[in-house]
Amino acid sequence: MYVDNNTDPNELLPLTDPEAIIRAGNAEKRRTKQLQSNSTAPLPTDPTTMSDETALTHETPGSTRTADASDMQIAKDRFKSVFNIQHAAIVEAQADRRQAAEDRRQALEDRRTYRQLLMSAHQANTARISRLEDLLLAMNVKNKTDVRPVQPAPGRVDLQKFRTSDGPIYRGPFQETKPFLQWIHGVQIFFNTKDVNNAADKIRIVGNLIAETNIQSFYANEATGFLAKSWEEFKTR
0 MYVDNNTDPN ELLPLTDPEA IIRAGNAEKR RTKQLQSNST APLPTDPTTM
50 SDETALTHET PGSTRTADAS DMQIAKDRFK SVFNIQHAAI VEAQADRRQA
100 AEDRRQALED RRTYRQLLMS AHQANTARIS RLEDLLLAMN VKNKTDVRPV
150 QPAPGRVDLQ KFRTSDGPIY RGPFQETKPF LQWIHGVQIF FNTKDVNNAA
200 DKIRIVGNLI AETNIQSFYA NEATGFLAKS WEEFKTR
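Quick note: the sequence shown, position 27, residue 26 per numbering that gives the first Met the number 0, numbers continuous.
Where hints are given, some of them may not hold.
Unchecked claim - Listed next, the in silico DSSO-like pairs over lysine-lysine satisfying Cα-Cα at most 27 Å (straight line): (1) K201 / K228; (2) K75 / K141; (3) K193 / K177; (4) K193 / K234; (5) K193 / K160; (6) K177 / K228; (7) K160 / K79; (8) K177 / K234.
To be verified - DEER-style ranges, computed between Cβ atoms: (9) I188 / N213: 18 to 28 Å; (10) T192 / L136: 34 to 44 Å; (11) T125 / A87: 28 to 38 Å; (12) A99 / L134: 35 to 45 Å; (13) T192 / S216: 36 to 46 Å; (14) L136 / Q159: 21 to 31 Å.
Quick caveat, the hints were computed from the structure, so don't treat them as lab data. From the three backbone atoms N, C-alpha and C, an ideal C-beta is built for every residue, glycine too.
Let the sequences and hints guide you as you build the complete structure.
As structure tokens, this is what we get:
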């Protein structure tokens, strides 16, 4: 075995550690080869590269196993991270589907409620319209009943409906007896034709058959007093 005489006695490795002896020998060989390389190629060597090569050269089976275990742990961590991300995405997608289903169910429920409200409002409006129609019908019937004209007593005529335009009109002359008597005779025939028998009705109707001014004035002043008297008395007056 080659042993460097310049080696510090404190740096000598125990003979009981074969792997340490082998590593020391390899290190010495590398150092000798490095010295030879320096003598043929004076270019400076990067300390970082030298350190990396030394570190790689000094790797042991134990350190390799440690590196493999570390790589395995990194791979597990990455797999776990990817799994967690995928699991979170699945959970979120499921939550979105549940929310979408809930939104659809709520929309259907809202439409059903709105439809029921419309139906209730329609029924209420129909009932109010029906009551209003009944009220209007009752008011119309009542108005017709109230407006119904009073039937005249037997032997009397309805003066509101009686047509005086068919009777003879006296236009004068004033204080001429013969024309006036002829007019009175025509009035009597008119009353008989229209079946006017009541004296008060005759007196009221005569007022609408006078067009002469002086006789109209007389009628306005005196007719009311004759309403309780006979037709003969009114003619004589």
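Now the hints, each set against the structure:
1. K201 / K228: holds, 11 Å
2. K75 / K141: violated, 97 Å
3. K193 / K177: holds, 24 Å
4. K193 / K234: Status holds; Cα separation ~19 Å.
5. K193 / K160: holds, 12 Å
6. K177 / K228: holds, 25 Å
7. K160 / K79: violated, 111 Å
8. K177 / K234: With Cα atoms ~14 Å apart, K177 and K234 stay inside 27 Å; holds.
9. I188 / N213: 18 to 28 Å: Hint holds: Cβ distance 24 Å, inside 18 to 28 Å.
10. T192 / L136: 34 to 44 Å: holds, 43 Å
11. T125 / A87: 28 to 38 Å: Violated - the Cβ-Cβ distance for T125 and A87, about 56 Å, lies outside 28 to 38 Å.
12. A99 / L134: 35 to 45 Å: violated, 52 Å
13. T192 / S216: 36 to 46 Å: Check failed, 28 Å falls outside 36 to 46 Å.
14. L136 / Q159: 21 to 31 Å: Since L136 and Q159 have Cβ atoms about 28 Å apart, the given range 21 to 31 Å holds.
Violated hints, listed in ascending order, are 2, 7, 11, 12 and 13; each of the other numbered hints is respected by the structure.
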